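Protein chains in written order, with the working numbering: chain A, 1 to 246; chain B, 1 to 356.
Please keep in mind that the hints were generated in silico from the structure rather than gathered at the bench.
Keep in mind that this is a model prediction, so the values were computed, not measured.
Errors might be hidden in some of the hints.
What follows is a set of in silico ranges between Cβ atoms, one per label pair, in the way DEER data are often shown [to be verified]:
{"hint": "1", "chain 1": "B", "residue 1": "D49", "chain 2": "A", "residue 2": "D61", "range": "57 to 67 Å"}
{"hint": "2", "chain 1": "B", "residue 1": "D351", "chain 2": "A", "residue 2": "G223", "range": "43 to 53 Å"}
{"hint": "3", "chain 1": "B", "residue 1": "A221", "chain 2": "A", "residue 2": "M51", "range": "55 to 65 Å"}
{"hint": "4", "chain 1": "A", "residue 1": "A52", "chain 2": "B", "residue 2": "E48", "range": "53 to 63 Å"}
{"hint": "5", "chain 1": "B", "residue 1": "D95", "chain 2": "A", "residue 2": "E216", "range": "13 to 23 Å"}
{"hint": "6", "chain 1": "A", "residue 1": "E216", "chain 2": "B", "residue 2": "P331", "range": "56 to 66 Å"}
{"hint": "7", "chain 1": "A", "residue 1": "T65", "chain 2": "B", "residue 2": "Q329", "range": "43 to 53 Å"}
{"hint": "8", "chain 1": "A", "residue 1": "E216", "chain 2": "B", "residue 2": "S46", "range": "30 to 40 Å"}
{"hint": "9", "chain 1": "A", "residue 1": "D171", "chain 2": "B", "residue 2": "A52", "range": "34 to 44 Å"}
{"hint": "10", "chain 1": "B", "residue 1": "Q299", "chain 2": "A", "residue 2": "G223", "range": "15 to 25 Å"}
{"hint": "11", "chain 1": "A", "residue 1": "H202", "chain 2": "B", "residue 2": "F108", "range": "37 to 47 Å"}
{"hint": "12", "chain 1": "A", "residue 1": "E217", "chain 2": "B", "residue 2": "G87", "range": "40 to 50 Å"}
Even glycine gets a Cβ: it sits at the ideal position worked out from N, Cα and C.
Each chain, letter by letter, is given below.
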Amino acid sequence: MLPRLMAGSGIWPGPARGPLDEAIQTMSSPSEELLQALLALNRVQAGELLMAARSQGSPLDVIETLVRPALEEIGRLWEEGDCALSQIYMSGRICEELVEELLGEARDIDFATPGEAGAATRAPRLAIAVLEDYHLLGKQIVRTVLRAAGHAVKDYGRQDVDGLVECVREDGIEILLVSTLMLPAALRVRVLVDRLREVSPHTRVVVGGAPYRFDEELWREVGADAVGSSAGEVLDILARLTGESA
Amino acid sequence: MTPSSGSSGTMTSMQRTLTSLGHQEPDRVPLLLLPVLQGARELGLSIEDYFAKPEQVAEGQLRLREKIGHDCLYTFYYAAIETEAWGGTAIFREDGPPNAGAPVIRRFEDIKHLTPPRVEDSPSLLKVLETTRRLAEQARGEVPIIGVVMSPFSLPVIQLGFEPYLVLMHEHPELFEHLMRLNEEFCVAWANAQVAAGANAICYFDPISSSTIVPRERFLATGFEIARRTLARFEAPAAMHFASGRIAPIVDDLPATGAALLGVSWQDDLSALKGACRGKVSLLGNLNGIAMRHWTPEQAEAEVKAAIAAAGPGGGFLLGDNHGEIPWQVPDAVLMAIAEAVERWGRYPLDWCRVE
Chain A
1 MLPRLMAGSG
11 IWPGPARGPL
21 DEAIQTMSSP
31 SEELLQALLA
41 LNRVQAGELL
51 MAARSQGSPL
61 DVIETLVRPA
71 LEEIGRLWEE
81 GDCALSQIYM
91 SGRICEELVE
101 ELLGEARDID
111 FATPGEAGAA
121 TRAPRLAIAV
131 LEDYHLLGKQ
141 IVRTVLRAAG
151 HAVKDYGRQD
161 VDGLVECVRE
171 DGIEILLVST
181 LMLPAALRVR
191 VLVDRLREVS
201 PHTRVVVGGA
211 PYRFDEELWR
221 EVGADAVGSS
231 AGEVLDILAR
241 LTGESA
Chain B
1 MTPSSGSSGT
11 MTSMQRTLTS
21 LGHQEPDRVP
31 LLLLPVLQGA
41 RELGLSIEDY
51 FAKPEQVAEG
61 QLRLREKIGH
71 DCLYTFYYAA
81 IETEAWGGTA
91 IFREDGPPNA
101 GAPVIRRFED
111 IKHLTPPRVE
121 DSPSLLKVLE
131 TTRRLAEQAR
141 GEVPIIGVVM
151 SPFSLPVIQL
161 GFEPYLVLMH
171 EHPELFEHLM
181 RLNEEFCVAW
191 ANAQVAAGAN
201 AICYFDPISS
211 STIVPRERFL
221 ATGFEIARRT
231 LARFEAPAAM
241 HFASGRIAPI
251 VDDLPATGAA
261 LLGVSWQDDL
271 SALKGACRGK
281 VSLLGNLNGI
291 AMRHWTPEQA
301 EAEVKAAIAA
311 AGPGGGFLLG
321 DNHGEIPWQV
331 PDAVLMAIAE
341 AVERWGRYPL
351 DWCRVE
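Excised from the complex, chain A in its bound form (with noise of 0.2 Å):
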C-alpha cells in the first residue's frame, strides 16, 4: 500500500493566478476542484470529490469525467511551464491511491484484469521501462497516470536492450512506453526498435524523457512510432494507437 500523503501540506497555498488560474477557469466544477486539490497535494479533499462523483457515477464514469482530465491538464501546465515536477509525482500518486481505492482493486493490476470494473475497455497490453537509464522517475510518472486512469500496465522497471526485447516478446507486448533521461539512453531506443521490428513486429514504441523536449525530431531519428512530452498526453497517445477517440 502507497503511504498515505499529509493533507493539504502547503505545497499551493495561495489562490490560483496566471496560467494556472485561467486553466482552472476553464474547467468544469468538480475537475476544477480536483485539479486544485491536487496541485495543493490536498489528498482528503480529492478524496472526497472522488467519493461525491462516485455516488453519482460508475468508476469508470469517474476516472473519465474527473481524473482524467484533472492529470491533463496537470500535464499541460507542466510542458508549459505552469506547474513543477514534484507537483505531478506526488498528485500523480494521490491520484493511484484514491483510484486504487474507488476501484477496490489490489495494488498490482494484470492482464487477467481487463474488461473488469475500471479497465479499459480496449485494452491493448501494455508496458513501460527505463531504457538503459537509472532515472526512474519519469516512467513511474507515466504509470500512475495510466493506472490512475484505469488501464493495466506491466511494469519492467529498468532494462537492456536484449532484456526489454526478450520481455515484450514473451508477454505480446502491444504498446511498449520508453523513459530516458539521458541522451545516450535515449538515443539507444534505436537499436531497441530495429530489435523488436525482427522479433515483435507489432509493438508499437511510444518515448519519453528530457531528451525527446529539447530535440522534437529525435522520436523520429529512433524510429519510435510517437512521443509524449508530458505524462497527461500518454492517454491521448494511447487512444490514438489503439484508434479510439480520446
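Given chain A's structure and the hints, the job is docking chain B onto it.
Okay, now just chain B, sitting in the frame of chain A:
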C-alpha cells in the same frame, strides 16, 4: 599552454569573464563552453579510463581549450563522483556520463545515522583536487578554473533516488531538514577544498530548485534558504546552475541567494531573464546541447547571434550551453563553429544588435 590561447582579444579570459560578471562590457562576450567527456576523445581513451587519472583530465581540459578557444577550464568529472564519496558507486558507459549506482540511503531512518564524508578520505574527490591544482599551475590566474559541487538540495536525487527524495521532501520534513544540514556541511567543505586547490569559482548545480522540478513556494521554503546559507560560506564566487531547468518564476528571488551567475535554460526567454537580472546577477547559457548534435555551422552561428542579441548588451552575460556539460555526441566542429561565431558576433560594442 598559452593562457590566453584561442582568443584574439586584448583581455585575458579571466579579465574578460570578470568584467562581464561586473556588469560591464569586456572586449567580447566570454565563452564559457563546458566540454567534459570530450577530453577522453582528445586523449584517445575510454571515458572510464580518462577519469581514472587526474593528470589525464587536466591534459584533456587544456587540449580542449587549445582547440576550441573558450574562456575557462572546468574540473567537473561527473555528478556521481560525490556519491562515491558518500559510499556509492558510479556506473560507466562508453557514450555518456556515468550514472550513480544504487542509492546510498536505502531507508529514511538511515538519515539519522548518516555522517558526511571527509574530502581527504575520498580518492575520487582527491583526483578532482589534483586536476584542479595542475590546471591552476598552467592557467597562472589568466583563465578561470571552475569547480563543481552538487547542491545540498539536489544531491539527494542520487543519494536516495528521485521518487523517495520527493516523498522525503513532502512527507518527512524533519528528516529532510536533517539531511540538508549534513549535505550543507559536505558541500561547503568540498567547495572550499576546490578553491584551496586553485578553483576561481564554484558551479553550484541545483536543478531541483528550478521551477521545472518544484514550484516557487516550495523553492522559497527549501532550495532558496539552503542556497543562501551554503553560498555564503563559499570562499569563491558561485554560479547557480539549474542544468536545463527553467527559472522564470523564481528569477527575481535568485539574486538574494548570493550567486554571481545563473546557468539558464534554452526553454526560458533569455531576453526576459536579462531584463530581470540586469545589474544584479549575470547569466550563463543558454544553447541547447541536445539540439547541438545536428547543428550546421550556419545554425551554430544563428544560435550564438540570437543569444548574444538577447543578453549580451551591457555585459553580465557569458555564452555557454544550458546544461553545464556538452553531450558526448556533439561534434567538435560544432563547438568550433560556436567559438568562431562568438569571435565574429560577440565583439563589443555590439553595434549590430542595435541595428538589427
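Going down the list of hints, with the structure as the test:
1. For the pair D49(B) and D61(A), the beta carbons lie near 60 Å from each other, so the given range of 57 to 67 Å is met.
2. Hint check: D351(B) to G223(A), Cβ distance near 47 Å, so the stated range 43 to 53 Å holds.
3. At about 31 Å, the beta-carbon gap between A221(B) and M51(A) misses the expected band of 55 to 65 Å.
4. A beta carbon spacing of about 57 Å between A52(A) and E48(B) agrees with the range 53 to 63 Å that was offered as a hint.
5. Distance hint for D95(B) and E216(A): a CB-CB separation of about 22 Å, consistent with the stated range 13 to 23 Å.
6. One distance hint, 56 to 66 Å for the beta-carbon pair E216(A) and P331(B), is violated here, with the actual separation near 20 Å.
7. In this structure the supplied range 43 to 53 Å holds for T65(A) paired with Q329(B), their Cβ-Cβ distance being about 45 Å.
8. Range check, E216(A) to S46(B): Cβ separation about 32 Å, and the 30 to 40 Å hint holds.
9. In this structure the supplied range 34 to 44 Å holds for D171(A) paired with A52(B), their Cβ-Cβ distance being about 41 Å.
10. Checked against the given bound of 15 to 25 Å, the beta carbons of Q299(B) and G223(A), roughly 24 Å apart, stay inside it.
11. A C-beta distance of roughly 44 Å is found between H202(A) and F108(B), which places it inside the suggested range of 37 to 47 Å.
12. Separation of E217(A) from G87(B) is about 41 Å and conforms to the stated range, judged on CB atoms against 40 to 50 Å.
Going down the numbered hints, you'll see the structure goes against 3, 6, while the others check out.
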